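Asks: The residues making up each chain are set out below.
Protein chains: 2
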Amino acid sequence: MKSILSFVVLLFFATFSKAQQSLNKNYKNDSLQIKKLADEVMVNSTAYKNLRMFCKDIGPRLSGSSNALKAVYAGKKMLELSGADTVYLQPCVVPHWVRGANEEGYILINGIKEKIKLTSLGNSEGTNGKLINAEIVEVQKMDDISKINVRGKIVLINIEMNPTYIKTFRAYGESGIGRRAGPSLAAKYGAIAVMVRSLASNEDDHPHTGATVYNDSFPKIPAVAISTQTANKISAVLQSGKIVKGFLKSNCKMMGTANSFNVIGEIRGVKFPEQIITVGGHLDSWDLAEGAHDDGTGVVQSIEIIRSIKAQAIKPLRTIRAVLFMNEENGGGGSKAYLQNAKQKGEQHIFALESDAGGFTPRGFNLDMSSQKEQVVKEWSPLFFPYGVYDFNEKGSGSDVGPLKEIGTALAGLQTDSQRYFDLHHAETDVFEAVSKRELDLGALNMAALVWLVSKYGL
Amino acid sequence: MKSILSFVVLLFFATFSKAQQSLNKNYKNDSLQIKKLADEVMVNSTAYKNLRMFCKDIGPRLSGSSNALKAVYAGKKMLELSGADTVYLQPCVVPHWVRGANEEGYILINGIKEKIKLTSLGNSEGTNGKLINAEIVEVQKMDDISKINVRGKIVLINIEMNPTYIKTFRAYGESGIGRRAGPSLAAKYGAIAVMVRSLASNEDDHPHTGATVYNDSFPKIPAVAISTQTANKISAVLQSGKIVKGFLKSNCKMMGTANSFNVIGEIRGVKFPEQIITVGGHLDSWDLAEGAHDDGTGVVQSIEIIRSIKAQAIKPLRTIRAVLFMNEENGGGGSKAYLQNAKQKGEQHIFALESDAGGFTPRGFNLDMSSQKEQVVKEWSPLFFPYGVYDFNEKGSGSDVGPLKEIGTALAGLQTDSQRYFDLHHAETDVFEAVSKRELDLGALNMAALVWLVSKYGL
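Residue numbers (this note's numbering), protein chains in the order written: chain G, 1 to 459; chain R, 460 to 918.
If you're looking for bench data, these hints aren't it; they were derived computationally from the structure.
Note that the coordinates shown come from a computational prediction; the quantities given were computed from them, not determined experimentally.
The reader is advised that the hints may include incorrect statements.
[Said to hold, decoys possible] In the DSSO-like style, the derived pairs of lysine-lysine whose C-alpha atoms are separated by at most 30 Å in a straight line are:
1. G:LYS56 - R:LYS574
2. R:LYS515 - G:LYS115
3. R:LYS508 - G:LYS115
4. G:LYS35 - R:LYS626
5. G:LYS49 - R:LYS626
6. R:LYS574 - G:LYS141
7. G:LYS36 - R:LYS495
8. G:LYS56 - R:LYS576
9. G:LYS56 - R:LYS915
10. R:LYS626 - G:LYS167
11. R:LYS915 - G:LYS167
12. R:LYS494 - G:LYS395
13. R:LYS576 - G:LYS49
14. R:LYS494 - G:LYS49
15. G:LYS167 - R:LYS769
16. R:LYS692 - G:LYS167
17. G:LYS395 - R:LYS515
18. G:LYS28 - R:LYS854
19. G:LYS310 - R:LYS626
20. G:LYS271 - G:LYS35
21. R:LYS508 - G:LYS233
22. R:LYS574 - G:LYS167
23. G:LYS167 - R:LYS854
24. R:LYS487 - G:LYS395
25. R:LYS515 - G:LYS117
26. G:LYS117 - G:LYS28
27. R:LYS626 - G:LYS233
28. G:LYS167 - R:LYS495
29. G:LYS167 - R:LYS487
30. R:LYS508 - G:LYS395
31. R:LYS626 - G:LYS456
32. R:LYS495 - G:LYS233
33. G:LYS76 - G:LYS220
[Said to hold, decoys possible] Partner residues aside, some chain G positions facing chain R, computed with beta carbon under 10 Å:
34. LYS167
35. GLU203
36. THR361
37. GLU406
38. ASP417
39. PHE422
Quick reminder that beta carbons are idealized off the backbone N, C-alpha and C, glycines included.
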């Protein structure tokens with residue numbers, strides 16, 4: 001505990017003392033250019049309007065769906081309007097998972113049957129329309145699946161997100177193991193189905209979906225998420241010594257693959273066009289809601305980088321490419337295709353930035369690059385302070401740009417104020433109305449500033 | 460421009476180099492105590508539940524109303540439950556302004572009369588139920604009121620909040636002059652009424668109220684706020700050269716004064732009980748909504764300081780006093796009474812912290828104290844970084860603790876991530892549902908940490 005805190009603080013100061021040394025270099029002119037870009041975004045941004053289009057005119061955009069294809073063409077149009085020099089579609093292959101209709105669930109306590117809300121986990125298999133039922137047994141950590149008798153039962157994997165973690169992604173990563181690996185582990189020990197506590201930081205009645213990953217060695221048993229309220233209710237009854245029976249019916253299944261696209265719009269660099277900077281978010285979303293924060297916001301911010309740089313008549317030295325990735329949620333088909341293309345063409349990808357942490361006020365950039373490159377980025381950090389971005393000490397980037405690490409690309413991810421994110425992430429509440437225009441635009445302007453700095457100085 | 464940016468950055472580094480020097484002192488033990496307090500708040504906080512009570516069980520709490528009195532007794536009960544050593548009411552006198560029923564407004568363009576939403580400004584006089592009408596003339600800055608002919612007209616004061624200011628309170632302060640001083644200035648030049656563009660950062664159809672201040676030298680003409688959408692619409696028509704006629708009817712009036720209370724709960728210091736630390740928010744709210752962010756959140760955070768310190772069995776060396784102020788919105792009756800009492804009793808108020816910037820994720824503490832005391836607080840700043848608070852460079856505190864400056868109290872205000880605040884501030888959208896439990900609790904825990912540090916070390 002002590003040592004972790006000290007380490008964080010020391011890191012913090014290391015950043016700042018480094019940053020301090022660079023104050024005299026090109027700082028002043030850069031700050032003026034960034035102020036112009038910032039004003040351009042805060043006054044004229046089209047990100048919010050574009051987000052409304054993705055959320056309200058199109059809606060949910062699950063990979064392989066017709067809506068996902070509509071989003072491809074809408075994104076292409078937006079990139080064209082943003083003034084990108086070239087806009088094109090990049091083919092990719094995505095899994096085609098469908099939820100099907102008539103998902104339903106019940107619990108039976110003391111002879112009383114009560115309807116509950118549930119949602120099949122992405123990529124999971126359903127019950128083929130049959131209402132299956134069994135006694136529910138609860139585990140609060142993964143290890144317990146092998147320790148109690150789950151054979152023939154429905155396992156409630158009830159791992160709460162740790163409320164004491166101030167950075168919510170830490171709690172998501174830690175508790176997420178239940179959703180990702182729980183169904184196959186339960187199947188290994190003979191369970192017939194799994195109910196997972198939603199990965200949600202609040203207590204309400206909205207189940208949150210998300211991908212699960214089956215291990216082919218075990219049966220692919222049905223797996224659903226239930227709301228935190230329902231999970232708490234079942235848990236309380238079980239802990240009082242009573243029996244809870246669960247019923248569930250679903251029609252989801254994996255339908256093989258489908259063809260789809262990444263959408264790419266770029267501004268060609270005037271001096272080093274071969275050096276490519278990628279900035280992106282993902283077009284696809286879960287099917288329960290509008291995919292506003294996840295990740296409509298990252299998509300429209302990426303488009304806004306192109307628009308604002310063009311509107312300011314900036315001619316970047318290096319190539320800036322906005323990439324609207326397909327299939328981040330349940331397969332990564334788009335990011336695989338992007339990497340494969342880069343390798344085939346021998347492209348030089350110097351930097352890639354992802355926005356997939358919700359369209360909330362930015363706080364920093366997570367970095368995944370050599371310590372030498374990290375120092376370069378940290379030297380720029382004072383330029384971001386006037387716009388609320390101060391934290392350059394977290395590691396990481398995002399799952400769409402992540403694969404570019406293989407070809408040596410320096411990676412980054414927008415770090416947001418994600419306190420509200422896991423209230424709505426992958427749930428029906430992730431809608432346009434949950435996004436603040438100013439917060440969205442603040443993210444876009446800080447991203448634009450970082451991308452522009454890399455286009456000027458390289459990395 | 461350049462010099463301002465450099466100044467901000469230099470200030471930033473000044474803070475951190477100071478902070479760095481203090482790393483070895485009592486840092487480690489303090490960080491452990493603060494972690495315990497933080498966990499206590501993040502796991503067991505009652506702030507959100509208490510907020511629901513103020514918002515949903517009571518509702519709007521305008522000074523002098525029966526709801527405001529209900530809030531007094533609810534706050535007293537909450538402080539008792541929080542474990543405060545003593546809880547008491549402190550009488551104060553507040554203005555009793557009432558909106559009355561049947562506010563309405565119209566605009567007439569091209570012979571077509573259209574209903575518009577409007578809301579009388581707090582403390583303003585109405586039309587006594589008569590539908591008054593006149594041609595609307597627009598100004599976009601205060602100076603223009605004296606330059607155009609406003610005699611017999613309705614003046615639309617259409618001063619937009621500057622979207623390029625990253626700190627939204629700066630835009631609020633600057634544009635707010637129209638609401639505060641516009642009606643009397645327009646009256647001086649013969650206007651019959653004023654419509655003020657709502658102090659809102661978004662474009663929608665919710666008018667935002669707020670207090671105006673009449674100058675007794677001029678007629679007290681009716682003054683209403685209209686939504687940003689309506690203001691934009693009228694402005695566009697006027698700028699096309701057409702005439703817009705405005706109609707408005709209202710029944711608001713000042714009814715003299717009423718008796719009310721501040722609510723105070725304190726933990727007596729075990730070593731220096733005479734040294735008082737105040738932490739507070741305000742109980743009263745505008746009448747249009749639930750007063751969730753303004754300032755139910757500040758009230759329940761202040762109560763949570765008491766609860767969490769008691770729950771952790773901390774015995775503070777100095778006295779910690781949560782004060783739920785009455786009448787921040789339209790008179791400051793509560794804060795005046797608090798200062799007066801302090802002076803009469805010769806109390807020693809060493810520090811006062813206010814939370815009245817919405818219950819959003821905290822980013823820092825604004826400070827208003829001697830530079831020597833500022834340095835003491837800044838030396839503690841590394842203790843707050845793990846909880847998202849890093850900015851100690853803004854000046855200011857809040858209007859309820861502000862008057863304590865007269866008796867030499869060091870002042871501070873919670874600085875929040877206020878990008879969303881002026882979407883809902885003083886409007887019908889400031890409701891419980893707009894508050895995030897985690898954001899609210901993060902504010903409370905950082906406040907608790909600062910109050911605890913002052914209780915330990917003095918200031």
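Asks: Quick check: which numbered hints come out false for this structure?
Replies: Checked against the structure, the hints that fail are numbers 6, 7, 9, 14, 16, 17, 22, 26, 27, 30, 33 and 37, while the rest are satisfied.
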